[in-house]
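Residue numbers (our numbering), protein chains in the order written: chain Y, 1 to 275; chain L, 276 to 646.
Hints are supplied without guarantee of correctness; some may be wrong.
Simulated crosslink set (SDA-like; lysine to any residue; CA at most 25 Å straight-line) [unchecked claim]:
(1) Y/Lys87 / L/Arg376
(2) Y/Lys87 / L/Asp373
(3) Y/Lys87 / Y/Val16
(4) Y/Lys87 / L/Ser369
(5) Y/Lys222 / Y/Gln266
(6) Y/Lys87 / L/Glu488
(7) Y/Lys87 / L/Arg372
The following residues of chain Y were derived to be distant from chain L, with all beta-carbon distances above 10 Å [unchecked claim]:
(8) Thr26
(9) Asp66
(10) Gly67
(11) Pro137
(12) Asp178
(13) Thr267
Rather than coming from a laboratory, the hints here were simulated on the basis of the structure. Glycine included, each C-beta is placed from N, C-alpha and C at the ideal position.
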Amino acid sequence: MSRMRETPWLPRPAVVLDIWSETPDTWTLLLEASEAAPSRGLPGQFNLLGILGVGEVPISMSGFQDGCLLHTIRAVGSVTRMLVDRKAGDVLGLRGPYGIGWPLEALAAAHLLIVAGGLGLAPLRPMVEAFMAQARPHQRLTLLYGARTPRDLLFTREFARWQAHPGVSLHLTVDRADPGWSHRVGVVTRWLPELVENPRETWALVCGPEVMMRFALLELEKQGVPAFQTFVSLERHMKCAVGQCGHCMWGPRLVCRDGPVFRVDQTRGLWVRGL
Amino acid sequence: MPQPRLASWEALARWVDRLVDAYRVVAPVFREQTVMYGEIQGWGEVALDLYERVGPGRYEVAEGPGTSRFRHYPGGGSLKHWVHPPLQPLIRGSQSRDQMRLTPVEPDAPPTVFWGIRPCDLKALEVLDRVFLGNPPDPFYQTYREAAVTVVVQCTGYGETCFCTTVGGSPGVVAGFDLALTEVEGGVLVEVGSPRGASLLEGLESRPAREAEITQARSRVEAVARHLPRRFHRDTVIQALRTAPDHPYWDQVAAQCLGCTNCTLVCPTCFCYTTRDVPLSLGLEGWERQRAWDSCFSLEFAAVHGGNFRPGLRERYRHWVSHKLSYWVEQFETLGCVGCGRCIVWCPVGIDITETARQVAGEASGQRGME
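Next up, chain L with everything else stripped away, as it sits in the complex (with noise of 0.2 Å):
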């Protein structure tokens, strides 16, 4: 790979200019009071400099002065959006008694930049990438996620939310990402990690990066991997997930949740859909099926004729933690967290599954312990 560069803020500026005419660039921007990833039409759109407040069931944004601009950790949304869409069209057709006329629904993306996304964001694209791109790989994910060239920002700071750690992450990118950001004095550091990403690179005005800068990079996402807290102990909740249905402390859980779904929209690698089969012009012109996001906190998602596998909400509850930190390793061979902290933030009742975590294995509970 080509050797690390560095770029003021003004050569990012005018190369996210050229990016947008292009590709669609989807970036952290500030919306509806939430840094979130949206499709940006110019540099002026990127959230910089907003210092985001969160803590169970708390998210504001402020300005503020700060050692790094880029601070969302991670945000609200995520790139589910992109890879794995609220709705998407599977085929499409009509069908009477004696007639058939279905075609299936061609997966189409434009070239696309992820730009500014953070390691755990990456992290969830290869987690997905588990359940999508398996045998058959879906056709829709796949190439979604072949359209997008990844740009991660790494971390030089955390959210009090944030967890990668402890679930097997990091706040830096080792592989499997395009091209690296790090905020250092002086610019970013831009670290080629693929020949897409070296090809991107040639849009942005750079200069061999120093050594010291190098070093300076990598010290600074070592600190917020040390700093960062360790919630649970992972191996021990993969287990006790598998062991405990019934500590009491599901109950003691199910009586605050609300079943609202807010955790699963949010997170970045929940992907329960159902399917539909929806009328295209009232039916006129035939009819689509299409698969929308689901959750498994909702009371119908495991109803059959019969009766309801999940009635209550203790079962709902329990079903989402123990498939999240537990079962996914046996379907998938890896976590389904990747400790972005977003449910925890985005529960209006403010459940921590890092909690749950502690409690079900039996750990000391409010070890939250910040630095």
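Chain Y extracted, bound-state conformation (with noise of 0.2 Å):
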């Protein structure tokens, strides 16, 4: 007795039509998803990329271009390390997208403060670009972005025109810096304070290491930014990203299917270490 049925294990194939450096160890990938896909996907979504040989593992979309998409992945592992490893013409195996993205509302606060460490802004930057495409005149974005040395600061080539725009203020820092290096040293929350104004009118979105989010979490807090208005993109383990496989686990809440983006208020009892 057999029957064909729907399965959600079977990627579409995604050809590559560009990668290029980001820093010594991540790599932005320009991906054609070539046949038919449920949506082309929101921003904080991911997709799980792989190769059928290797693995598969969740990425999360780092832009949108002319119908076709960015992912942004650091090579830590025996599936990353392949995926980066891919030239203009490869296939790479795609299934998604997956999980609940970033509050498309969010782009109508007064104030949007994107609070982001390392890794951590490559599926923040479709907001910002999102930002860019249609804010109004009294709208403004920062955007506090942190690495741990000017080496590991993603999409550098973009802040220029990020900066050009009226409504965009963008602040900079790093742990370490270099010689040469001309803006703030110290972690992402230390320069919290002095970057919210408005707290009521502020919506933030956060993402990064864990211990960066929870400390900026925590000083969001601090400075009256609504829990409600507060946003963080997790990342955990996936291995199925439908809610089966048990590995995303935050206490009650699974990663890929209830996240990765919470809202903050409703994490409540879920910050204990461990969980």
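Take the two lone chains and join them into the complex the hints point to.
Structure representation (structure tokens):
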């Protein structure tokens, strides 16, 4: 007794159109997803990218460009190392889009505060671009972005274009500077207090290493930014992305299905170590 | 539904011997010193008249007299092996740099009878339905589940580690089954729960059951429900597990837990899996992506490149219990635990999940209170 049933396991082919380096261990891939997709995807969502014979990994979309997708990948394991070794014309397997993305209502905020650490800017980049594409004159975007060293900053080639937008102010910081670094030195959270002006009008989107996110959330709360206007994007080990394999659980939440973006007022009691 | 029937043990035996010709029959068997579920080729393999002596970290089987012939409460292993197999191929094919040729594995299952399963095993299937028959349903689980007819044996006794009533279950079945058997004096009462069950019954010689037989079946099952001790207060525990992540008891139990994953292996509702790519014939014929049972107790279960979210056994044990007895409700609107007690029996150091529940909820411990 066998039937052809719909399966979530079959990836569709995604052709690599281009690939470029962002940092010594991070690359961005431009992918054309050739066959029918449930949807292109929303900022904050992710796809499972893979190669049969190696495996699949969840990677957030870092941008949308002419009907194509951008994924920014750090090479840290067997799958990611193979993914960044691709050349134009190569084919990857793609499953998705999955997950709950960033709140698009935040694009209407008077003040959008984006707080990113390291690779955390990748899932936030679509929101920077979306803001720039449709901001009204009174709206402001503050992008606070930090990394360990200047060499670890992503998307540096785009900073000038972002800065040029009248509504955008870009604040960079590193933990450890190089000679020639002219911006701030210090952890990201250190600069938060001076960047929050009208907390009630501020929507905050946060993504980065988990310890950085925890401290950022504490600081944002202290500054009076409402928890229901604060969002985080989490990273967890994932195998299925459809809420079944169990790996991505955060307490009772399934990061692949209830996240990866969470509204902070709905995360009370979950910021326990080892949950 | 048709009225209950009564069958003799001889008729039951002939029926099973006919069923194995038309179906894959999974029934309680005695293998590897354990009463477990296995495929049978005939009535002779069905495990009867075997008495299980169980306790925390203890399992022995002996023959002995008793009022019931089915005495697996509920034995080792579970039906998970057939509805959520330990190894499940998902897709096959090949992928080179510029080409991808993948095909989905088509789920397939022969007509199957789960014969002689316990009510807690049926409940476990319903619990797994919430995980795998969501939106969209898992094609493999759906195929395996739909291919299986359930013939439940209601409990006319219970094991020392049973606690189905504590978690909202019962030694009897009311709905969701195809056929239900209950041992009574003089034979076995057979109740029909579905049209599929009714048609399966056609191969069984039986007569209409008498009122006294129906009453006896009912009261035997009700007696079990009455005598099963309440191990903990379910709703209190569901709440406590959400609010007591720092309870000192977690350190206590972590000092004993070996992280051996036995509990997740024998649990009829644990479903976590990993995926991996394996070569077909040294890779010459392509590759296969498969899913395989995994356990939240394994060290790397919650690891990402930057670190491990549950690096210690304390966190991992806490997660397993909290998921089973609390988070499931938020995720799937049902408790994950069916009270079968297998995890207590098969834990090599005898950790008792009901003791954990009592401790964390602040109830007095050691109240396993037998009748």
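Going down the list of hints, with the structure as the test:
Among the hinted pairs, lysine 87 of chain Y with arginine 376 of chain L is consistent with the structure: their alpha-carbon atoms are about 19 Å apart, no more than 25 Å. Annotation: proposed proximity of lysine 87 of chain Y to aspartate 373 of chain L holds, straight-line Cα distance about 9 Å (limit 25 Å). Taking the CA atoms of lysine 87 of chain Y and valine 16 of chain Y, the gap is about 7 Å. The hint holds against a cut of 25 Å. Taken as a hint, the lysine 87 of chain Y and serine 369 of chain L pair is honoured in the structure, with Cα atoms around 18 Å apart against an allowance of 25 Å.
At roughly 18 Å between alpha-carbon atoms, lysine 222 of chain Y and glutamine 266 of chain Y fall within 25 Å of each other, so this suggested pair holds. For a cut-off of 25 Å, the pair hint linking lysine 87 of chain Y to glutamate 488 of chain L is broken: about 75 Å separates their Cα positions. Distance restraint check for lysine 87 of chain Y and arginine 372 of chain L: the Cα-Cα separation of roughly 9 Å lies within the 25 Å cut-off, and the hinted pair is therefore satisfied. The Cβ of threonine 26 of chain Y sits about 12 Å from the closest Cβ of chain L, beyond the 10 Å cut-off, so the non-interface label holds.
Under the 10 Å C-beta cut-off, the non-interface status given to aspartate 66 of chain Y relative to chain L holds; the minimum distance is some 21 Å. For glycine 67 of chain Y, the requirement that its beta carbon stay farther than 10 Å from each beta carbon of chain L is met, with the minimum near 20 Å. Every CB of chain L lies more than 10 Å from the CB of proline 137 of chain Y, the least distance being 40 Å, so the non-interface label holds. For aspartate 178 of chain Y, the requirement that its beta carbon stay farther than 10 Å from each beta carbon of chain L is met, with the minimum near 23 Å.
Separation of threonine 267 of chain Y from chain L is adequate, the least Cβ-Cβ distance of about 13 Å exceeding the 10 Å criterion.
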